[in-house]
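Visitor: Residues per chain are reported as follows:
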Amino acid sequence: DAGVIQSPRHEVTEMGQEVTLRCKPISGHDYLFWYRQTMMRGLELLIYFNNNVPIDDSGMPEDRFSAKMPNASFSTLKIQPSEPRDSAVYFCASSFEQPGLGGNEQFFGPGTRLTVL
Amino acid sequence: AQTVTQSQPEMSVQEAETVTLSCTYDTSESNYYLFWYKQPPSRQMILVIRQEAYKQQNATENRFSVNFQKAAKSFSLKISDSQLGDTAMYFCAFMKNDMRFGAGTRLTVKP
Chain A
1 DAGVIQSPRH EVTEMGQEVT LRCKPISGHD YLFWYRQTMM RGLELLIYFN NNVPIDDSGM
61 PEDRFSAKMP NASFSTLKIQ PSEPRDSAVY FCASSFEQPG LGGNEQFFGP GTRLTVL
Chain B
118 AQTVTQSQPE MSVQEAETVT LSCTYDTSES NYYLFWYKQP PSRQMILVIR QEAYKQQNAT
178 ENRFSVNFQK AAKSFSLKIS DSQLGDTAMY FCAFMKNDMR FGAGTRLTVK P
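Residue numbers (the numbering used here), protein chains in the order written: chain A, 1 to 117; chain B, 118 to 228.
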């Protein structure tokens, strides 16, 4: 398996523009997580899905942020409109639930470095 | 809500020596998972070791081992025979339904 795939790896945009980050989880994983990493706040969980259904979006900072998972192999995180303070590295991770059989480990993608000018 | 605390923002160790990174957490749960992740300069998050709270035996993965003290809610990581490639940020994480990370410890292994 290729692991969790994220695109783009780098994104530079101007304030006010819409940004869409993409994630393909590992096949067979039924959980998908979006994180944001900044120097000031560390790794923050934004939202996670189970079987394509959003379970907890309490970490989503504002209404400008939205996430979707239309199917088991694809998810997007959208920021509209973007602001300079959204600059960060955004990680997607996936996992499967099999307690006692090596489950619960989250496999991370390489991240998307977003810069909003 | 669960919180994870890593009290050492930065640490350094000489190559081939042993270093211990601290982690404490706060939870009212009895069953959960704990993890240590490594983030090298490449930015990729890599799982180092995991521990199930219901297991009393401390997890070990080659040069990496943990000291899990459930009553004290402590989960430290010991790296033996440190190597230059161990230089990275290390994150402690607690997982019940979702995963919460500590602020990280930047470890530098010196030649």
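These are computed hints drawn from the structure, not numbers from a lab. Just to be clear, a hint being listed does not mean it is correct.
[To be verified] Below, a list of computed lysine-lysine pairs in the BS3-like style, where the Cα atoms sit at most 30 Å apart: (1) B:Lys-213 with A:Lys-24; (2) B:Lys-227 with B:Lys-213; (3) B:Lys-213 with A:Lys-78; (4) A:Lys-68 with B:Lys-213; (5) B:Lys-172 with B:Lys-195.
Visitor: Within a Cα-Cα threshold of 30 Å, do Lys-68 of chain A and Lys-213 of chain B meet the stated pairing?
Guide: holds (23 Å)
Visitor: Just to be careful, I want the Cα atoms of Lys-172 of chain B and Lys-195 of chain B compared with a cutoff of 30 Å; is the pair within it?
Guide: Holds: Lys-172 of chain B and Lys-195 of chain B sit about 18 Å apart, inside 30 Å.
Visitor: Between the alpha carbons of Lys-227 of chain B and Lys-213 of chain B, is the straight-line distance 30 Å or under?
Guide: Distance of about 36 Å is beyond 30 Å: violated.
Visitor: Quick one, are Lys-213 of chain B and Lys-24 of chain A close enough, alpha carbons at most 30 Å?
Guide: holds (23 Å)
Visitor: Take the C-alpha atoms of Lys-213 of chain B and Lys-78 of chain A, compute the straight-line distance between them, and say whether it is at most 30 Å.
Guide: Distance ~27 Å between Lys-213 of chain B and Lys-78 of chain A Cα, so the pair holds.
Violation of the numbered hints given earlier is confined to hint 2; every other hint is satisfied by the structure.
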